[in-house]
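Novice: What follows is the residue order along each chain.
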Amino acid sequence: MSKPKMRARLKSLSFSEKIKILEKLRDRSEKIAASGLRRKEIDLTPAHIQKNE
Amino acid sequence: MKATLEAINQMQADGVIGKYAIGGAVGATFYLEPAATVDLDIFVTLPTASGGLLLSLAPIYEYLKSRGGKIEDEYIVIGDWPVQFLPPSNDLEQEAVAEAVSTTVESVPTWVMSAEHLVAIALRIGRSKDHNRILQFVEQDAVNREKLQSILERNGLTAKWKQFERKYLEGTHE
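If you read the protein sequences in the order shown, they are chains V and C. Counting in our numbering, the first sequence runs from 1 upward without gaps. Counting in our numbering, the second sequence runs from 54 upward without gaps.
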């Protein structure tokens, strides 16, 4: 299915169905956060680089 | 979400809160494709205590805590959703609650702000995520332009909207 068609389909879902998707997205995001898979911010300040050399 | 809304409706029936409306990302999801969010924004009118002028959220927190709600920072977790209760802080938000649209979530009745009020509030707040949401409403043709203009005029947001249009919508064929 093309992206615009998918977006239109998602938009046309009932509020209850959309809420279920929101809950799945939220749960997935929480699992990713808990697993530590989320990319850590890289500190590129000169002080940090010097300290880790 | 069903348990969350049932608890909020019960709180309304018990007179702890007055009329309420879902706003923020969950409110926008009523009109748009679902977008990830972690919390539920409930704009809520509070009954004023006789003689009291200050509006306090304390009765909401006390009521929900006594029924198993857990406070986490500015949220109270009801069911499995962190909820932020927001008393309307200006005429626009008051109007948005008063004119909210009734709907249901899994047969539980609830109210959601109109698309035009959600756009006007997002414009007033003006963070980049609010601008993104406005663009979604425009791109997905989910907003009545006449109704929006009237809300913007009533709430002194016309200049801000023109600025938004110049920045984000100029050159697009809406």
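Simulated from the structure, these hints should not be mistaken for laboratory data. Be aware that one or more of the hints could be misleading.
In silico DMTMM-like links for lysine to aspartate or glutamate, alpha-carbon gap of 20 angstroms or less [said to hold, decoys possible]:
#1 C:Lys123 / V:Asp27
#2 V:Lys5 / C:Asp144
#3 V:Lys3 / C:Asp194
Keep in mind it's a predicted model, so treat the numbers as computed, not measured.
Novice: What are the numbers of the hints the structure violates, in ascending order?
Specialist: 2
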